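Keeping their order, the protein sequence lines are chains R and Z.
According to our numbering, the first sequence is numbered sequentially starting from 2.
According to our numbering, the second sequence is numbered sequentially starting from 232.
Among the hints, a few may not be true.
Some chain Z residues near chain R, calculated using beta-carbon distances under 8 Å [said to hold, decoys possible]:
| no. | residue |
| --- | --- |
| 1 | Ser-263 |
| 2 | Gln-264 |
| 3 | Ile-265 |
| 4 | Arg-273 |
| 5 | Gly-454 |
| 6 | Arg-460 |
| 7 | Thr-475 |
| 8 | Leu-479 |
| 9 | Gly-519 |
| 10 | His-524 |
| 11 | Gln-526 |
| 12 | Thr-540 |
No wet-lab data here; the hints were simulated from the structure.
Only a predicted model underlies this, so the values are computations on that prediction, with no experimental measurement involved.
Glycine included, each C-beta is placed from N, C-alpha and C at the ideal position.
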Amino acid sequence: MNIPANLKYTKSHEWIRLEADGTLTIGITDPAQEMLGDLVFVGDVKVGQTLSAGDTAGVVESVKAASDIYAPVNGEVTEFNGELDAAPEALNGAPYDNWIFKMKPANVEDLAKLLDAAAYQTVATAG
Amino acid sequence: MLKRTPLFDTHLACNAKMVDFGGWEMPLHYGSQIEEHHHVRRHAGMFDVSHMLNVDIEGADVRGFLRTLVANNVDKLQTPGKALYSCMLNPDGGVIDDLIIYFLSESHFRIVVNAGTAEKDVAWMQQQASATHPDLTITPRRDLGMIAVQGPAAREAVWSVWPQHRTASENLIAFAALVEGDVMIARTGYTGEDGFEIVLPATDAPAFWAALKVAGVAPAGLGARDTLRLEAGMNLYGNDMDETVSPLDAGLAWTVDLKTPRPFIGRDVLEANGKQRNFVGLKLLDRGVLRAHMQVVTPHGDGEITSGTHSPTLGFSVAMARVPVAVAVGDTVNVDIRGKLMPALVVKMPFVRNGKALIS
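Whole structure, please, built from the sequences with the hints as guidance.
In structure tokens form, the structure reads like this:
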């Protein structure tokens with residue numbers, strides 16, 4: 002499974018990248034897309050919404066099932082990747098090149114609570 | 232321990248993602264469910280359906296036994312090999328199972344039943360037979376495997392690997408079968424495409440599968456099987472009907488023969504209650520995916536989705552739903568998707584047949 006070393010992760014299978022401007026770019030991991038199967042819908046993300054870590058931020062749906070995606074830290078949703086409206090399957094092909102939403106974190110220090118690649122590898126391997 | 236079909240090792244070798252399906256360890260997909268779906272619609276795919284059970288009923292007056300056992304009328308079967316789709320009802324008119332009956336001879340009919348219901352089906356058949364036809368032999372055939380080969384190129388692919396069966400099966404009409412020894416070739420299926428369902432000795436199944444694969448038939452899993460059957464407007468037992476649901480409320484009135492005076496199990500209740508719900512197709516008018524058990528809100532009262540999915544052929548979400556009888560084709564209703572009401576159009580089923588979209 003592909004788990005890039007330069008990203009942060011959650012137990013609920015989101016990846017997080019801290020950008021130079023202090024915002025977070027968030028998507029779902031390779032093991033997550035593998036478990037879900039062919040994705041057919043990504044949405045229900047509310048731009049402008051303030052979320053706490055672990056709150057539902059949106060949904061990804063495969064042919065098989067719907068699965069919530071969660072806010073990794075406290076903060077505000079600033080953007081949704083509209084390109085996924087027409088091409089949700091992009092998350093299957095290149096899960097780390099296609100982000101789902103962006104957040105402005107309330108405290109950048111909260112990122113320290115997220116998993117690094119090695120810790121996430123353990124989570125993903127355990128299923 | 233989950234049950235395994237004769238093709239279990241074959242699925243693993245084809246990189247299947249295996250899942251528990253009603254106690255059977257079955258392939259969900261072999262990489263991409265959507266690609267498998269398209270391959271069946273455009274070319275040919277094959278499904279391991281060996282978890283379903285062939286039940287042979289043999290002896291004197293099998294026909295008489297089946298006349299009361301099932302809701303469709305086996306007297307429609309007059310040519311050997313002809314098949315009939317029917318529900319087997321309980322005395323309350325609920326569906327014990329939906330099944331296909333093959334008329335092989337007056338002393339031998341074969342019934343193919345669903346995997347999850349197989350044991351209770353056989354027990355029910357034996358119980359009914361003991362009362363009226365104690366001399367009949369009812370034999371579950373777990374020694375047989377079954378492979379569905381479906382798609383516009385399916386029959387040619389089968390003939391290419393089984394040239395010896397070509398002449399006999401070339402003239403099979405839809406919903407008819409031929410039997411040669413332990414091989415049965417039926418022009419039936421669960422996808423809305425042409426093709427065969429092939430019964431063969433379990434030990435022969437892996438080699439037959441391998442030969443079909445070489446002939447360009449793509450392995451397809453339960454995931455594609457579900458999206459294909461839903462597009463084809465075909466019911467799934469346990470989703471769209473079960474023991475608490477009348478076939479008249481599940482869009483299956485066409486399989487219930489109430490025209491002849493023949494008594495059958497469940498008939499009295501069906502006639503007393505009549506049709507109480509409409510069974511309709513839905514097309515989601517917005518983005519998202521309709522799923523089983525979502526609530527359908529209409530001006531005439533609420534209904535429920537029984538099966539729903541994203542349709543790979545159509546590119547939007549479709550569903551089957553049980554709704555109040557006043558809801559008609561052309562109406563717009565609302566579906567509660569995670570707390571949000573989303574508009575859906577009531578449409579006629581099937582959604583797709585023989586590769587062609589019937590709604591847009």
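- Item | Violations among the numbered hints, reported as their numbers in ascending order | 4, 6, 7, 8, 10 and 11
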